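A.B. asks: Sequence:
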Amino acid sequence: MPVINVKDDQDFKNQLTLAGSKPVIADFTAVWCGPCKMIAPTFEALSNQFLGAVFLKVDVDVCEEACSIYGVSSMPTFIVFQNGSKMDMMKGAQKEGLEALVKKYADNTSAVSLCLNGSDDTPLDRFLEGNCNLVSDCDEQLIVSLPFHQPVKVHSVLIKGVADRTPKKVKVFINLPKTIDFDNASGLEPTQLLEFDDSATNGEGQILPLKYVKFQNVQNIQFFIENNTGGGDVTELVKLSVFGTPLSSMNMNEFKRVAGKAGDAH
1 MPVINVKDDQ
11 DFKNQLTLAG
21 SKPVIADFTA
31 VWCGPCKMIA
41 PTFEALSNQF
51 LGAVFLKVDV
61 DVCEEACSIY
71 GVSSMPTFIV
81 FQNGSKMDMM
91 KGAQKEGLEA
101 LVKKYADNTS
111 AVSLCLNGSD
121 DTPLDRFLEG
131 NCNLVSDCDE
141 QLIVSLPFHQ
151 PVKVHSVLIK
161 GVADRTPKKV
171 KVFINLPKTI
181 DFDNASGLEP
191 TQLLEFDDSA
201 TNGEGQILPL
211 KYVKFQNVQN
221 IQFFIENNTG
231 GGDVTELVKL
241 SVFGTPLSSM
251 NMNEFKRVAG
261 KAGDAH
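Take 1 as the starting number for the sequence shown in the working numbering and just add one per residue.
None of these hints come from the bench; they were simulated from the model.
Predicted model only: the values in this text are computed from it and were never measured.
Idealized CB from N, CA, C, for every residue including glycine.
Some hints could be false.
[Claimed, not checked] The list that follows gives simulated cross-link-like pairs (lysine-lysine, DSS-like), each with its CA atoms no further than 30 Å apart:
id, residue 1, residue 2
1, 7, 37
2, 239, 22
3, 95, 37
4, 103, 13
5, 178, 7
6, 104, 171
7, 57, 104
8, 86, 7
9, 57, 153
10, 103, 153
11, 57, 37
12, 153, 86
[Said to hold, decoys possible] Simulated restraints, written as ranges between beta carbons of each label pair:
id, residue 1, residue 2, range
13, 138, 175, 19 to 29 Å
14, 97, 2, 14 to 24 Å
15, 197, 2, 32 to 42 Å
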């Protein structure tokens, strides 16, 4: 999640309220502070890693009231808030210390790949590495949740399945705070509905385009595979790939593959 630049003291209060129960990591900084500039890339990187937290950049020369209330006397100072209350504080540009502070409080569950109703014999991590197919367990439905380590623009999805076990109707959701469950997935309006056909069993599979305007700033993407082309009780995927580009420049090799070829967007 991108770092939010706080405009003034009122905006700071509003951001704490909007965060709800999410942990808030506030970087009290100054434009003239050398150590602040040195630690800024680390703070930015952590914001893209821990998607369950809110990261704020607070200019001490603009938000003087907040500095007074929370005892900010040197820069940079990092303060953790939860439910509007101050939980912890760290002073200084210490990379390891900042990482430890964030990990202590930030909920990172949304930054972990998950699969619901997958067979124990075909774990998601092995599937994403291209070492096995992904097979449903109790019935034909699957939920696959995939995070990105920084926001991306996503333009298409590829699926390859096995014969009549190939996914057919797939609901796509983005930027949900938690992994969706089957009850919610059935009733919730998706960001986009995809329908695959028998061509998804041939060659490299079937690629379907996404409505690009809706997928401009994707931090996590979830797939609810509702049924398969054969109407049976078992769904089986050979490949699931997401294609897109990062919002900011980075080494494309840093993207993790989604059971696909190098260069896929995740």
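A.B. asks: Indicate, hint by hint, whether the structure satisfies it.
C.D. replies: Hint by hint, here is what the structure shows:
Of the supplied pair hints, the one linking residue 7 and residue 37 holds, its CA atoms being roughly 19 Å apart against a limit of 30 Å. The suggested pairing of residue 239 with residue 22 is violated, with an alpha-carbon distance near 34 Å, which exceeds 30 Å. A hinted pair counts as satisfied when its Cα atoms are at most 30 Å apart, and residue 95 with residue 37 qualifies at roughly 12 Å. With a C-alpha separation of about 24 Å, the suggested pairing of residue 103 with residue 13 holds against the 30 Å cut-off.
Proposed proximity of residue 178 and residue 7 is supported: the alpha carbons are some 28 Å apart, at most 30 Å. Distance hint between residue 104 and residue 171 is unfulfilled; the C-alpha atoms sit about 34 Å from each other, more than 30 Å. Of the pairs offered as hints, the one joining residue 57 and residue 104 holds, with about 19 Å between alpha carbons and a cut-off of 30 Å not exceeded. Proximity of residue 86 to residue 7 is assessed by CA-CA distance (about 20 Å); at most 30 Å being required, the pair is judged to hold.
For a cut-off of 30 Å, the pair hint linking residue 57 to residue 153 stands: about 24 Å separates their Cα positions. Proximity of residue 103 to residue 153 is assessed by CA-CA distance (about 27 Å); at most 30 Å being required, the pair is judged to hold. This hinted pair checks out: residue 57 and residue 37 have alpha carbons roughly 12 Å apart, not beyond 30 Å. Simply put, residue 153 and residue 86 have alpha-carbon atoms about 35 Å apart, too far for the 30 Å limit, and the pair is violated.
Checking the proposed 19 to 29 Å range against residue 138 and residue 175 shows it holds: the Cβ atoms sit about 28 Å from each other. One distance hint, 14 to 24 Å for the beta-carbon pair residue 97 and residue 2, holds here, with the actual separation near 23 Å. For the pair residue 197 and residue 2, the beta carbons lie near 37 Å from each other, so the given range of 32 to 42 Å is met.
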